[in-house]
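Using the sequences and the accompanying hints, generate a full structural model.
Here are the chains, one letter per residue:
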Amino acid sequence: MLKDKLTALLFVIVTIGLLVGMFTYEDNSPIRDFLTEYRNTVTEGTPAIDRITGAIDAADTIMIRDTYRRSDFNELFGLVQKSLGKKILQDSGYGEIYKTTDNQIIFSVSEKNVMSAVKSMVELKKELDKAGIPLLYVQAPFKVSGDEQTLPVNITDYADRNADRFLEGLKDNDIKYLDLRPLLRDGRKTQKELFFDTDHHWRIETAFDATWHIGRLLNKEYGFKIDEKLMNLQSYHVRIYENFFQGSMGRRVGVLYGGVDDFTYISPDFPTNLTVEQHDKGYDAVTSGAFEDVMIVKSNIDENKPIDTNRYAVYRGDNAELVFKNNLMAANSVILIKDSFGLPVYSFLAPAIKITSALDMRYFDKNVVEYAKGNNPDVVIIMYNADSFNDEMFDFKLDQGGENE
Amino acid sequence: MLFSSLIFILCFLPVVTILYYTIFRFSRKLQNVLLLFSSLGFYAWGEPWFVLIMITSIIFNWFFGLMISKFKTRKVAERTIIILMLLFNLSIIFVFKYLMFTIDNLNRFFKMDITTLHIILPIGISFFTFQAISYVIDIYRGKGTAQKNPLNVGLYISFFPQLIAGPIVRYETVADQIMNRKETISGFSEGVTRFLVGFSKKILLANNFALLADKAFSVQSDQLSFSFAWFGAICYTLQIYFDFSGYSDMAIGLGRMFGFKFPENFNYPYISKSTTEFWRRWHISLGSWFRDYVYFPLGGSRFNNKARVVFNLLVVWSLTGLWHGANWTFVLWGLLYFVSISIEKLTGFEKLGETKGHSFNLSFLKHTYTLCLVMFGWVLFRAENISYAFDYMKAMLSFGSGPFIDINTFVYFNENWVFIICGILSSMPLGKAFNRWLYNDKENRGKKIFVYIWPFIYSLGLISLFLICMSYLVKGAYNPFIYFNF
Chain A
10 MLKDKLTALL FVIVTIGLLV GMFTYEDNSP IRDFLTEYRN TVTEGTPAID RITGAIDAAD
70 TIMIRDTYRR SDFNELFGLV QKSLGKKILQ DSGYGEIYKT TDNQIIFSVS EKNVMSAVKS
130 MVELKKELDK AGIPLLYVQA PFKVSGDEQT LPVNITDYAD RNADRFLEGL KDNDIKYLDL
190 RPLLRDGRKT QKELFFDTDH HWRIETAFDA TWHIGRLLNK EYGFKIDEKL MNLQSYHVRI
250 YENFFQGSMG RRVGVLYGGV DDFTYISPDF PTNLTVEQHD KGYDAVTSGA FEDVMIVKSN
310 IDENKPIDTN RYAVYRGDNA ELVFKNNLMA ANSVILIKDS FGLPVYSFLA PAIKITSALD
370 MRYFDKNVVE YAKGNNPDVV IIMYNADSFN DEMFDFKLDQ GGENE
Chain B
33 MLFSSLIFIL CFLPVVTILY YTIFRFSRKL QNVLLLFSSL GFYAWGEPWF VLIMITSIIF
93 NWFFGLMISK FKTRKVAERT IIILMLLFNL SIIFVFKYLM FTIDNLNRFF KMDITTLHII
153 LPIGISFFTF QAISYVIDIY RGKGTAQKNP LNVGLYISFF PQLIAGPIVR YETVADQIMN
213 RKETISGFSE GVTRFLVGFS KKILLANNFA LLADKAFSVQ SDQLSFSFAW FGAICYTLQI
273 YFDFSGYSDM AIGLGRMFGF KFPENFNYPY ISKSTTEFWR RWHISLGSWF RDYVYFPLGG
333 SRFNNKARVV FNLLVVWSLT GLWHGANWTF VLWGLLYFVS ISIEKLTGFE KLGETKGHSF
393 NLSFLKHTYT LCLVMFGWVL FRAENISYAF DYMKAMLSFG SGPFIDINTF VYFNENWVFI
453 ICGILSSMPL GKAFNRWLYN DKENRGKKIF VYIWPFIYSL GLISLFLICM SYLVKGAYNP
513 FIYFNF
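Taken in sequence, the protein lines are chains A and B. Here the first sequence is numbered in the numbering used here, starting from 10 and rising by one per residue. Here the second sequence is numbered in the numbering used here, starting from 33 and rising by one per residue.
Keep in mind that the hints were calculated from the coordinates and are not lab data. Take these hints with a grain of salt, some might be off.
Only pairs whose alpha carbons sit at most 30 Å apart, straight line, appear in this in silico DSSO-like list of lysine-lysine [claimed, not checked]: (1) B:Lys479 x A:Lys14; (2) A:Lys96 x A:Lys198; (3) A:Lys12 x B:Lys293; (4) A:Lys91 x A:Lys229; (5) A:Lys307 x A:Lys229; (6) B:Lys464 x A:Lys12.
In structure tokens:
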């Protein structure tokens, strides 16, 4: 029948087109990617049968990763979900992600046992007390607030509840903390002003406010002398890039479903001169210069780059250890143990104090107490968002040897 | 490898098809060799070493086939070979599928202390073993000739379209097609269309229903509400139908693309008015396999003694249950059908109300009874164990300790009502009715135009569905394979 012949013709064109496209599209290199994936998964000495299984797994992975017009398929998926009015979307990474009543995309956080994190904090505090170094925990908010049901009504988000229980544990153990959640969610800004629609992070303006909530506390209780002027947005360049950012959540559902965010880039409008030391496993680097030259990954706000570029990472980060030495300031130093919410925070703090050391416990493999003793900061700050209560983030490597480079 | 995977759609299928119709097109033997080795590769993709079991099965059954052919006139020798063949094939299936179950039950019920083994079930073992048995028995019954070339036996047993989820193709059906099939553009096109229909059923309907059913069946039984229990049961009823019939459509379509004609496996089972009718419409190839290779040899319904007929039904339905998986839930599920079909047979239930002027109400009641029984059966089939199955059924009957209605039912219905309505409509023969309407009374002018443009609408619609399915695959959406137990 004609309908079958037409269907078969279209099917042949589409499948052959996708196959040829996969191997010829300039951005794709499936054979090289396959070999890389295979070498990553199959090590020397692997038995033959496991090598075959490894090769099969690698081929399956590459088929998904290198599908021709992958982003168009992603958009099509989003369009279908939007047409069906879906608020709960399947996701290979998170299981499910949601569109909130504010039209923001996010995953939900499950209930966690925060007591092991409290225990780690107590041990850290005990060791830092011996060295005479104060400890401050800063609770950053998660995108979903516990005050309002913005997720689909049958979905419970435990981020705020986990954080509440954790802070209660800190209070019981006399560990000082600053809870940014009520300070940022004081009604002056809407949820959409506080967080990106398409990314799980806070907006840069929110991070800026958070930094100076911390700054004022440091001035008040830890003897810091941060200039009040530096805590005012008027001392900074503010540039808003409209329809510029598709965050990590948005990349999962496409522009047609999730939309695009504006991105605000904030940088000091005062003289800066910093030396930045970067230490990662097997890689060290030192650079010096003004804020824009050493603190910023400029390519991430290049207007010619696609919108799914990680704009948030314009403030450099995701390193095991970053040390910012401010050559124009004489006093105050901080060790900030942080998750990705900390990237803009230490970027704003560094031009205002002498030394800011940023550690990420996912990559940093040395004893934090010994590191603190070696650097003797005015305070050790741990700042996590309410989705970071897991063992990895609270493993301060206290059982590691005392030698720190 | 699964049909519903990118590697199959974008690599395996185009490459095999292109090779089949280009380099290998000049020789049937070479085409068969290509299909055989492709099929072995297809099978090995999931768990490479299992292919050795299949090759062993192919070699032994090829040998049994030759022996049957050789000793055609010597009944004793023939029967001995049949017994050896059954011992061989059933041993394979027993060791890989039922040995662990047997040991567990010996340990549990007879307080024995046999070390529990951990044997991984080779995918599709029940399907290819039944085909292998069919090969030898059909030669024995004179319904096909023995293949001298073991590669042809290999192709029959391992041909990738029907390898992992059926339909169970009997040797007598395809014996001639192995060497004498005819590929045509029409056949290829029909195959593609059928494949795409099955592909869409699997990815868009079955996989979405799977998510919902999984949610319901993962709720603790004491918290399961009446409404969500029914919602889950309905979703699983739709999931298993669209998954299984989708796979069968894909298999039939793929076979057609290479010139084979496989039997139909599903015929709108949910419109049945009795469980007997349901099993004439559901997994037809399995039902007819058991009928022809077990029920009829036992004597079937030919006995005047009703007890013997019931006994035969008991054997068939116990085996049918067990075939679906080594778990008491499957056995009980089989026995449920034994009871219902026996009662229907003994009471003449099917003929009830089929006489002239039968009432609509009775027909509706029969349909409702069948659907309810089938759904309760699926609960048994889906549940992890019998205890959970009964708790789930209690919730469906509102005897459970959970609430009557809960928010999950509302949210998930609201999110998926389009799929649910499409699923229910697609499980009825509306397409056939539409075709009848379309191609009858072509004189109607409006219809004439529609008949003209319909092929274009249909093709674009089906390709659009295919692209949407691809987007789900690229996204790595939930894509369960529910035949691991089979």
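Hints versus structure:
Distance check on the hinted pair: Lys479 (chain B) and Lys14 (chain A) sit about 22 Å apart at the alpha-carbon level, within 30 Å; holds. Between the alpha carbons of Lys96 (chain A) and Lys198 (chain A) the distance comes to roughly 24 Å, so the proposed pair stays at or under 30 Å and holds. Restraint check for Lys12 (chain A) and Lys293 (chain B): the C-alpha separation of about 20 Å stays at or below 30 Å, so the hint holds. Proposed proximity of Lys91 (chain A) and Lys229 (chain A) is contradicted: the alpha carbons are some 49 Å apart, above 30 Å.
Restraint check for Lys307 (chain A) and Lys229 (chain A): not satisfied, since their Cα atoms lie roughly 35 Å apart, outside the 30 Å limit. Restraint check for Lys464 (chain B) and Lys12 (chain A): the C-alpha separation of about 15 Å stays at or below 30 Å, so the hint holds.
When each numbered hint is compared with the structure, violations occur for hints 4 and 5.
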